[in-house]
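What follows is each chain in one-letter form.
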Amino acid sequence: MASTTETARKQPATYDTRALAAAPPSRRQPIVFNPFRALVYLVLTLGAILFVMPFLWMVSTSLQDTGDIIRGRFIPSQQFLSATKVTEADLNRTLQSYLDADELPAYLENVRSQIESSQRQRSLTVRDYLRTQRIGYAELQINIDLPIINRFWSVNNYYVLVGGAANYVEAWDESNFSQFFFNSVQIAALTIFAQTVTSILAAYAFARIDFPGRGLLFSIFLATIFIPTMVVLIPNRNTVTNIHRFFSEEFPAKQDDWGITDVREAVAGPLYDLVDAVGLENFLGLGDALTVDGPIVWKWMDSWPALVIPFLASTFSIFLLRQFFMQIPEDLWDAARIDGAGHLRFLFQIVLPISRAAVVTTIIFTFIGTWNALEWPLLVTFSDSWRPISYGLYAFQTEAGSDLNLLMAASVITLVPVIIVYLIAQRQFTEGIATTGLKG
Amino acid sequence: MTTSTTERTSHPAGSQPVAAGRRRRKIQEALTGYLFVLPAAIATFVFGLWPVVAGFYESIKSGSPLTNRYVGLDNYVRSLGSLTYVLLFFLSVILLYVGYRAWSAAYMRWQASGGHLWPYILPGLLAGAGLITLAFNFVTGNETYSWIPTALLLLALGGYYTADSMQAPRENWDARRIAPVWLLLVGVGLVIILGPDIIPNVVPSTLTWLIVAALVVGLAYWLLPYLGRIQTGQYISATLLMGTLMLLAILLSAYSFTQMKEDVEDAQALAALIFNQGVLNARVNVAIDDPEIGGLIPDGEILVEVEVDGEVIEAPLAPEAFSALPIESINQLQTTLSNNQQVAVVLPDGTIAEGTITGLSMGESLEVPLTADDAEVVQERAIYSALTIGEGVIRAGGHTEPVHKQVLATIGFFVGMAAIYTMTYVRRRIDDEEQPRTYRWLHRGRVVMGIVIALLFFYLLGSLALYQQAASAMGALTEEQFRLAYEYVTGSAPRSTLRPSILQAELLYWPQVFLVALGASMIGAAYLVWQSAQRTETKLSFALTILLAILLMIGGWLLISELPQTMRLAGREARDTYDATMRTAMYSLGTVPVQLGLGLLLAYLLFSEVRWGKGLFRVIYFMPYIAPSVATATVFLVIFSLNENSLANQGLGLLGLDPLRWLKEPEGIVRLFYSRILGGDSVNIPAALQGPSLALTTVILYNIWVFAGYNAVVFLAGLGSIPTELYEAAEVDGAGRWARFRNITLPLLSPTTFFLSMLSVIGTFKAFSHIYVLRNQAVGKEIDTMSVHIFQQLYAANDPGYAAALAFSLFGMILILTLVQNRLAREQVFYG
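Which chain is which? The protein sequence lines are A and B, in order. If you're matching positions, the first sequence starts at 0 in numbering that gives the first Met the number 0 and goes up one per residue. If you're matching positions, the second sequence starts at 0 in numbering that gives the first Met the number 0 and goes up one per residue.
Just chain B, same shape as in the assembly (with noise of 0.2 Å):
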């Protein structure tokens, strides 16, 4: 480094030799370095890289050897049913905030040093351009167009070289310079293009390969020393990142909009036929001729006036006083009774018998909820309510929204937010002495915009309560009816794979995606939300604004709740994969903290608390993370194994508790504490609260049991580095133990922590030796993380392009987390 700056500063004219053994130095220097970096750099990108693409390639097939066929995103729809769009939809926001963190570090540069960035954005854009294409060209193996990127990249690269002379400053600005760069690039390009049809008849090729590897070195050898004195890196490797990731991203929304709209619009045209009022007579009239639904039974006893030969007496309803009834008497498994009907009663004396209802006044009705144990008769029931609600569909008029406008209202919705925000900012900047009237119409714009915001977000509402009615009722038909009813519209049986659940799975695509996108946007308005009630100077204002974001938050998380829902309709393989996906935020929710908050204390203790046995104590806590896997995973095997003479059990009876089945309890720990310890029925728990299930928890303790020491280490290393003089200035401050871990060590510690945290989540999302062998013993799939279910996909079920369509959702999500942390981290992590 030392090296180049000096030969930067001075350039005499008349050192020539000097100047050519440095550059032969600086040569052999870079070529060392490529040298040494070589074998790493092929085994990481043969091993590293490469599957990532190659991985991508194959998530859009169907995998299996014999079908090898591309399938879209068909294996992403399978995993993760509409989800898939929301992600890609947030895949290239987060392609674009990636670029634009790119530029604007890049924009800080200049701003600091000065030059010219601006002329850089367009190669940028070429380059990224090229590059698409030519992976595009690359995976299709499509070689009619491939002079489109060498073009496009030869441009960018003058382009680039433009822009680099143009840094230069005024007086070095020379034409010559660039001349033949723009006339080699022109060479070269001549070559790449038109050479294949040209020079494989007039030398034979190995000889071809060898001229070209020598011009290749050749050209290596000259522009080495100016590739190593090139200031602008910065400059070219942003707007490269930028161009790219911001083609990619239009690309891939654009991709991903037209599959999803395919589908929706499938699924519409369809829903749209089967739900008309010919079908529906159709229906009632094709496979019932007299439409009645039976094995009704009065919900709970009902007493009504009955005559029963000519005597008037008060009986309850006989539980086959509905055995049958006509469709159009019933609703919502609900029907009424009128007098002078016949209805059977359960007599006193235990013998049922024929009555007429007397004793209601005139035009009075008694209403009778039913109830159906059988379930054949709550799936008859379900056909029913199909119907109504198909007709209700129908009386909408009309089906659905096309997608097109809705598209619009969301991109005008999120248009309009970003105008609110940007209004508010800019506001903020302004003096309103100075500028009133820009001041005040700045707020009107706010509320306008917050007007048609509004407006738009009805909208959206109520097209997406359209297109959910017409999900459901798609959802409640049967197999039988949809295929009747597919048949009455088509005059052709459906194919075997079209089932209303994948119908009503697309039909939902679109509320979905508008719902989930909608939640995340307003918990990330929460969040910014949150940080200006800091701003705030009344305290009126900072408990509204911590009231509306909490109420933002609160809105978010109810949306983004319909998430499961979605997800479980999707099918069975989204369901499993939406299962996976929780365990392993389970597991990484009840890991990570708490072998965080063990390490800490341990290497807290370890550090300031312990003379003698520190390296003893150390050697120990770290033994269960350099033990294998494997190994140890056995033993936890035996250890909480469902044997009530198990080392677990038996630490259970020590304390005076039953012995637990452990790894083949399914049952969340807060349901088992709740009936074990308190006493209490587990039902009363819901579903929803019952915590991790006991095998998941096992899990979760192993893996604290690994990792609290590793984290200690970590940690003990951290708290070395804390300077010993700020706890003295603090002891003598009169500050006590807690007083100086809170204020020294935590904040100086921060570093460590975010670090830690980062690869402890990581590592739970990656984590699968030891849950694999766990799962040998455990129940079912209760243990299954993501990283198991996916390899079970490749492993057990060979399922290659649906096993890596898994594995990409699990590194989006790993990707989001990541992105997420390092947020929360640039306000919480204190570097000194």
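Only chain A is shown next, with the shape it has when bound in the complex (with noise of 0.2 Å):
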């Protein structure tokens, strides 16, 4: 165990030493103007704000009103977020300025109502509503500066967020980008776990076991990293719609049959016996997933796992794995096997604390490739229900482009999850790429 920590972090050793080395000349000299030296980070610097720039320019947009947009302002000229207490009464008399008092028991129900009917549709804010009233958004903005959110708005309260940072909160009561949200980190959450556990095992099996046809079904999994994405787009998306059907009668939909038929009466009789000794009728929520009698219906399309099973396996991930599980030493293995230890214990008891860095990496990248899938989701998917974030901020992008200030907020909310994992994993995931040796 000892011995392995110490291989595998023999590389950045090194260079500690060497660093070391380089010290002590430095501290005995004072330090030294070196132009060429100070061009670099004036370089790279200028560089850095550079890259760094379209992120601030996200976040102060989104921060901004209508006005700073126009204007082309950098920082924003509004306050960062106050949520006032409005009572009743200033509201009333607000609102009896361009109402009658007998108008207005009846307006406010009526916004009410819209506002508890709209919670219920997720599809219409407050704003939205007083937009299409008498009293127009601006002119309600003289004393009450929207956006009001619905849920705080109660019978005898009104919390009126005011500010920057209320653009947030509404780009994420918009058109159900909160839902899209959370579609997102389960589809995540679901696509890493079953890749990482499918990537391990087979990378392992790649780095460590001896089987027959080992190298040719290695050689097989790397040649589909050539083959586009756009290839296998429409076939996929034909299995995904059809997968339901295949045991029933009405598959294959076309006159082609791809042998299908006698692989379904191989199995399907079976298939249907065990469903129904067992009883797995509404298996895994998913409805009338599994029916005793009549064709086995697992709609896929436009559900997770139109979204998820595709994507079990990652070549790239297998080969990352595989690449930094070859470079563990055979006399661990040797040891462990003297000690009783099978493969599975050797793989989850020694081979993964050691290759954190890589699993690690290989998480991000799984990640990322889910938070960014975009191609796949338009394919798969017609209802809200599942559709992941990157959908929901295309969409956003192309229904309400106009308000910058919100659009740039629902960029920051769907780009924070992702910083955020990346900052955690940062040190582990450098390393991940650096001793994986990615470099063919």
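No wet-lab data here; the hints were simulated from the structure. The beta carbon of each residue, even a glycine, is placed where N, CA and C say it ideally should be. A few of these clues could be false.
As the list claims (entries may be wrong) - With beta-carbon atoms standing in for the labels, derived distance ranges:
1. B:S112 x A:V51: 54 to 62 Å
2. B:Q649 x A:I418: 20 to 28 Å
3. A:P34 x B:I549: 39 to 47 Å
4. B:V216 x A:R355: 52 to 60 Å
5. A:V42 x B:G678: 28 to 36 Å
6. A:I418 x B:L656: 31 to 39 Å
7. A:V42 x B:P592: 15 to 23 Å
8. A:P34 x B:A738: 14 to 22 Å
9. A:F73 x B:L550: 55 to 63 Å
10. A:F79 x B:R675: 35 to 43 Å
11. B:R675 x A:R355: 23 to 31 Å
12. A:F73 x B:L688: 34 to 42 Å
Stated by the list, open to error - Which stretches of chain A does chain B cover? Using the computed rule of at least three CB atoms under 8 Å from a CB of chain B, they are:
13. 189 to 202
14. 391 to 398
Using the hints, put the two standalone chains together into the complex.
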């Protein structure tokens, strides 16, 4: 155990000694101004500013109001955030200047019911509603700066959020964006879990276990890297669309058979018996997923299986992990085997703890890939119930593209989880890239 | 691995229990391995490899769920025009090449280790044929001949086993070991072939499957340890690959040839029908009683001497002078005037008067260039020229050459080139002192071959000219005229899909296939000649060789540059494909070198010059790579919006420049630079040189921003693996910073560079999300690269068959690029 950690950290260790060796002379001599190095720092800093600029612009725009955006300001002129409690009297006073006194109660009731129903539909915000009413948004803004967040709107108290950060709350509520966010979290979690497990097992087998056909199988795996996404997109959509009909008579839908009829005849019978015997109806919360009588209907389209199952395995992760596992010395395996450990135990107790950096790297790559995916969700989801955040942002941009501050707030919301994950795992990530030998 | 070697070296006959234990352990090990790989393998096969087969199948069908019928290569021809055939031929060549590579690797191993390699060829071919027929049967659902692949594969298996048995040293070569395997194979074959007829009647199907499964498991259990001990796996896989690919290549080229021949010959026959004198006459007689072209005006001011009302003056021709001319008297938008002809002229006072031309000497005539700015007139002129060209075709004595003659000539051409190459190669190998005769004869053979090739080449060029004449005549016909001519010769109206432009494209298939193939092979030859320049002895021959290579290169490019033209002719869809491909290429070219260079620079600076803050810089530069591309692309939309207060335009303002329209700007950046910075007229820059449009450049900037940091991190890893002693030694020798970078860092980093460049090129071809987001605000299809174009065909146009065909074309491009890159890398990359 100790010897492995030593070997695994060997490379960083040599760098450290080099750094130490270089340190003493510089300590003895006074720091000399090196113009070249100063230039390098200048260039790198300017470059870094340039690279960070889009992010800064994103954040600053998300905190601005419309006027700032039109003027192209960088620093938002409005305050960051303040939530003020507005009494009904305040609101009434504001509204009274536009409405007759006898109209007011009915109006407020109307607003309230509208908001309640919109919460159910999750489509209409207060602002949207007010826009359609006689009292325009701009007029109401005189005293009560919108956006008003509907969940703060209770019967007697009106909390009004004012300032740049309110954009975030509004973006979060706009057109199901929060739902997209949590959809993405679930999809990412499922994909990461499944992909990591399959990749670790496969990579370990490719690196450590001697079985016939290993080389051939691995090269077949590697070949899939060169296949463009667009090639597999179309048939995979067909697969996902039709898979729930796999065991039903109506499949294949077209005249092509692919030998499926034979397989169905062989497999479906026993499977129906099994479903009947165990009682697997409503399995995995999929509704009519597995029905006893009749064909098995497990619809993948527009549900999580369509978004997760095609990504169960990742050649890239397998390759990366295998590279790392190959560097683990053979002696360690021999020692473990003498101690009576099998492959599984060796993998989970010795290999994985050493390979944390590589595993974290693959997890981050998987996370980024899932969080970013756009073309596949566009093809296999039709309703908001399982659409991911990348789709949400895309739709946001196409539909509500004029509210740049809201759009940028939505972008920041999309960005933040990735940045957080990256910053937490940053050290392991760079180590993973460096040590897995991503150099051909 | 260590266990298997010990087992092989020690073969004690007495240690039966130990061997059995080992055997069990080996089986257990292998089963564990399969079990571990299984989940990933299932997912990869179902969602990674199977789609390639299914997608290809999709691409040869019409695709829409309602009319899901087999259409052959139609989708490809729609998307690529004649390039389909070019690519298929190249694909066959590549398949052959890959098969050859596998074979040569096995051959080299055989040379090194001894044994027998040749016995594997026959089973390889058999297995290849078996696999191909199996796939064919599987796809078409044809079950009548299902015993053929089974029999072929079983035969191949037996052949492999026999070949393996021959590998062993002579004394172990034992006929008894082969007999049971053949018997077993025959048994299995009988069960598979006859089984379906017998078994279902005897036992229920579930039980049958259980029995079969048990048999398979038992067989696997028995075979596993043997499989692990196979030392000839490379021989088997190489011959299998070679057999399959070779047969596939032959089938593919034969199929595409017949397809092309069909298309071309149809078009040829039609062209022959249409362009005959009868049609020409009929056309003139049928449509217009008195054929004349109207709306022509003199090109520029032409002064003539005329007699108006008895007075001889010099006056310019009136614009209406030739408002209508009989077709016979004009030739290529130019007419001739002679004495005593009535023309209209503009008098000095501005009025127009009729006059007769005088002042021309006897027998002389005045050539008047004509022009027409009315589209209708141009069209009529096109009719006229089409008919003249048609006449030209007829006068050329027949229509076009038959395709098979040309194919033979082409094959002869390529064989001749190969022969010259071989002779040169052999000649370089042998000693001219020892075998002077052979040496001389090889040279003579080379010369003769060269002459033959030249003759074939000119024959082919001549036949191409015929095709091109016929094609341009066909292209010049308007649809109306084509319809009339078609009706005249066949007596029925043409079907709606048959258009002169399609026929024109089909007539051009052959010339295009030939020209592009020739151009590509010339570039290949240029590469070989360039390589051989290093072996020349004198400076003069070196210069000559280089010159030859450059000439070949230019010639090849000239021939290949025919491509855009042909794609344009092949219809709107092929034009779209061509544009998308060009944009992708431009995107790739604009992105990859810059982001690699920037990444290397960053990595180098961070590695060698920066002591503190390295981690921070790395995090910052890497951030764009990990950030979700939909989010960052959205920010780029805002930053590069055409609003004059957008960040990009503010930046331009700081530099004192006018705001640009960024994603809404279809104009090329070279033109923009020329007109905005240099103050010239952008029309002066030809369209071919205008560079990527500003919209595409914005996408390129985005890509660089995203990937420079990633490249830097990978380069940093590469830099870390270069031993420091090298730098120290170089420093002692007095090498400066640049010399060290040039001579140590760059060569030792070349594997990383190669890896990254490959990844980046493939990445740009795959790029999707950010372009798809940015295209919302972009002008037209200006940033639709191939991937986006394909996706649009699938998602917006809902044409999966066509999209699949496009996707496979993209796949082919990526494959060719990868192979070329690999080939180039072999000389340039230094693997320590």
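Evaluated hints:
1. B:S112 x A:V51: 54 to 62 Å: With a Cβ separation near 58 Å, S112 (chain B) and V51 (chain A) satisfy 54 to 62 Å, so the hint holds.
2. B:Q649 x A:I418: 20 to 28 Å: holds, 26 Å
3. A:P34 x B:I549: 39 to 47 Å: holds, 44 Å
4. B:V216 x A:R355: 52 to 60 Å: violated, 38 Å
5. A:V42 x B:G678: 28 to 36 Å: holds, 31 Å
6. A:I418 x B:L656: 31 to 39 Å: holds, 33 Å
7. A:V42 x B:P592: 15 to 23 Å: holds, 20 Å
8. A:P34 x B:A738: 14 to 22 Å: Roughly 20 Å apart at Cβ, these two residues keep to the hinted range, so it holds.
9. A:F73 x B:L550: 55 to 63 Å: holds, 57 Å
10. A:F79 x B:R675: 35 to 43 Å: The hinted range 35 to 43 Å holds for F79 (chain A) and R675 (chain B), with Cβ atoms some 40 Å apart.
11. B:R675 x A:R355: 23 to 31 Å: Given a distance of about 53 Å, which is not inside 23 to 31 Å, the answer is violated.
12. A:F73 x B:L688: 34 to 42 Å: holds, 38 Å
13. 189 to 202: holds (count 5)
14. 391 to 398: holds (count 4)
Violated hints for the displayed structure, listed by number in ascending order: 4, 11.
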